[in-house]
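Student: Take any residue in the sequence shown, note its place counting from 1, add 291, and you have its number in my numbering.
Hint data in this document are derived by calculation from the structure and do not stem from the laboratory. Where a beta carbon is used, it is the ideal one built from N, C-alpha and C, also for glycine. Hints are not guaranteed to be accurate.
What follows is a list of derived Cβ distance ranges for each label pair [to be verified]:
{"no.": "1", "residue 1": "Asp458", "residue 2": "Cys408", "range": "38 to 46 Å"}
{"no.": "2", "residue 1": "Asp458", "residue 2": "Pro330", "range": "36 to 44 Å"}
{"no.": "3", "residue 1": "Arg335", "residue 2": "Arg411", "range": "20 to 28 Å"}
{"no.": "4", "residue 1": "Gly483", "residue 2": "Glu449", "range": "13 to 21 Å"}
{"no.": "5", "residue 1": "Phe451", "residue 2": "Glu492", "range": "23 to 31 Å"}
{"no.": "6", "residue 1": "Glu501", "residue 2": "Arg456", "range": "12 to 20 Å"}
{"no.": "7", "residue 1": "Tyr445", "residue 2": "Gln477", "range": "16 to 24 Å"}
{"no.": "8", "residue 1": "Asp420", "residue 2": "Arg310", "range": "21 to 29 Å"}
{"no.": "9", "residue 1": "Asp336", "residue 2": "Asp409", "range": "18 to 26 Å"}
{"no.": "10", "residue 1": "Gly483", "residue 2": "Leu394", "range": "18 to 26 Å"}
{"no.": "11", "residue 1": "Cys408", "residue 2": "Glu510", "range": "41 to 49 Å"}
{"no.": "12", "residue 1": "Arg335", "residue 2": "Arg456", "range": "36 to 44 Å"}
{"no.": "13", "residue 1": "Pro337", "residue 2": "Ala468", "range": "23 to 31 Å"}
{"no.": "14", "residue 1": "Cys408", "residue 2": "Ser497", "range": "40 to 48 Å"}
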Amino acid sequence: MHNIVILTGAGISAESGLRTFRADDGLWEEHRVEDVATPEAFARDPALVQRFYDARREQIRAARPNPAHEALARLDREWDGELLIVTQNIDDLHERAGAVRMLHMHGEALSAWCTACDARHGWTGTLGDAPACPSCAAEGDLRPDIVWFGEMPYRMEEIFAALGRADLFVSIGTSGAVYPAAGFVQEAAAHGSRTLELNLERSQGSHLFEETRLGSASELVPRWVDEVLSAQP
Numbered sequence: 292m293h294n295i296v297i298l299t300g301a302g303i304s305a306e307s308g309l310r311t312f313r314a315d316d317g318l319w320e321e322h323r324v325e326d327v328a329t330p331e332a333f334a335r336d337p338a339l340v341q342r343f344y345d346a347r348r349e350q351i352r353a354a355r356p357n358p359a360h361e362a363l364a365r366l367d368r369e370w371d372g373e374l375l376i377v378t379q380n381i382d383d384l385h386e387r388a389g390a391v392r393m394l395h396m397h398g399e400a401l402s403a404w405c406t407a408c409d410a411r412h413g414w415t416g417t418l419g420d421a422p423a424c425p426s427c428a429a430e431g432d433l434r435p436d437i438v439w440f441g442e443m444p445y446r447m448e449e450i451f452a453a454l455g456r457a458d459l460f461v462s463i464g465t466s467g468a469v470y471p472a473a474g475f476v477q478e479a480a481a482h483g484s485r486t487l488e489l490n491l492e493r494s495q496g497s498h499l500f501e502e503t504r505l506g507s508a509s510e511l512v513p514r515w516v517d518e519v520l521s522a523q524p
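Can you build the whole structure from these sequences, using the hints too?
Tutor: Structure representation (C-alpha cells):
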C-alpha cells in the first residue's frame with residue numbers, strides 16, 4: 292500500500308461542536324438548506340445568506356480540532372507514500388491540526404469569492420455589510436466561497452486522478468448521500484483500491500465498502516492511523 296485517499300465529512304467535525312449539514316429534521320442551524328445553501332437563495336435574499344455564513348465563520352473560529360483531525364495531520368506528516376485528504380467540510384480544522392496534503396471540495400467558510408473579478412481572499416469577518424473586494428474594489432460582489440447545492444464541487448479532476456491511483460480509499464464521518472462524493476468509493480474500487488469506512492453509524496453507502504468500522508471519529512481515526520503507520524515499510 293502506497294497511495295491513500297481519504298474523504299472526510301461532517302461527522303469528523305461534529306465532535307468539535309460543529310453541527311452536521313444533514314440533520315434529521317432537514318434543518319441546518321435552524322434554517323432550511325434551500326434558504327441558505329443554493330444560488331437561488333442567495334439571489335432571493337442575499338442578506339439572509341450572508342448573515343447565516345457570518346455566523347458559521349464565528350462558530351468555526353471558536354471550534355478546535357479534535358483527535359481525529361490531529362491523527363490525520365500526523366498521517367500527513369509521517370506517511371511516505373502519496374496521500375490526499377479530501378474534505379466535504381467548510382471548516383479549517385484539518386489545516387489547524389496541521390494537515391497539508393488536502394483540499395476542500397465544497398469550498399471554505401473562511402474564504403470570500405468575488406464574483407466580479409473571480410478573486411478569492413481569506414476572510415474571517417463579516418460579508419453582511421457588502422465590503423469591497425480587496426482585488427478589484429467592487430462593492431457587494433463578495434460571496435461565501437462555498438459550493439452550494441446545484442454548483443460544481445471544486446478540483447474534481449484532481450480528486451478523480453488521485454482515486455485512480457489509490458491503493459486505499461477511506462471514508463470518515465460521511466452520510467454517503469451527497470454526490471459526487473458518495474460515488475468515490477465505487478470509483479476507487481473500480482481501480483482496484485481497498486475501501487474502508489469509519490463512521491458513527493452505517494451510511495447509505497456502507498454496503499459498497501469492503502470494511503466498515505463503527506464508533507466515534509476521535510477513537511476510530513487515531514487507532515486506524517496507528518495501524519497504518521506501524522505497517523509502513
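Student: Does each hint fit the structure? Answer for all of them.
Tutor: Here is how each hint holds up against the structure:
1. In this structure, Asp458 and Cys408 meet the distance hint of 38 to 46 Å, their C-beta atoms being roughly 41 Å apart.
2. The beta-carbon spacing between Asp458 and Pro330, approximately 38 Å, falls within the hinted interval of 36 to 44 Å.
3. Taking 20 to 28 Å as the suggested C-beta distance range, the pair Arg335 and Arg411 conforms, at roughly 24 Å.
4. A hinted range of 13 to 21 Å for the beta carbons of Gly483 and Glu449 is consistent with their spacing of about 20 Å.
5. Take Phe451 and Glu492: their Cβ atoms lie about 28 Å apart, and the range 23 to 31 Å holds.
6. Distance hint check for Glu501 and Arg456: the Cβ-Cβ separation is about 18 Å, which falls inside the suggested range of 12 to 20 Å.
7. Between Tyr445 and Gln477, the C-beta spacing of about 21 Å keeps the proposed range 16 to 24 Å intact.
8. For Asp420 and Arg310, the Cβ-Cβ distance of about 26 Å falls inside the hinted range of 21 to 29 Å, so the restraint holds.
9. Distance hint check: the CB atoms of Asp336 and Asp409 are about 24 Å apart, consistent with the given range 18 to 26 Å.
10. Between Gly483 and Leu394 the Cβ separation comes to about 23 Å, which falls inside the hinted range of 18 to 26 Å.
11. The hinted window of 41 to 49 Å between Cys408 and Glu510 holds, with their beta carbons roughly 45 Å apart.
12. Checking the proposed 36 to 44 Å range against Arg335 and Arg456 shows it holds: the Cβ atoms sit about 42 Å from each other.
13. Separation of Pro337 from Ala468 is about 28 Å and conforms to the stated range, judged on CB atoms against 23 to 31 Å.
14. Remark: the range hint 40 to 48 Å for Cys408 to Ser497 is upheld by a beta-carbon distance near 44 Å.
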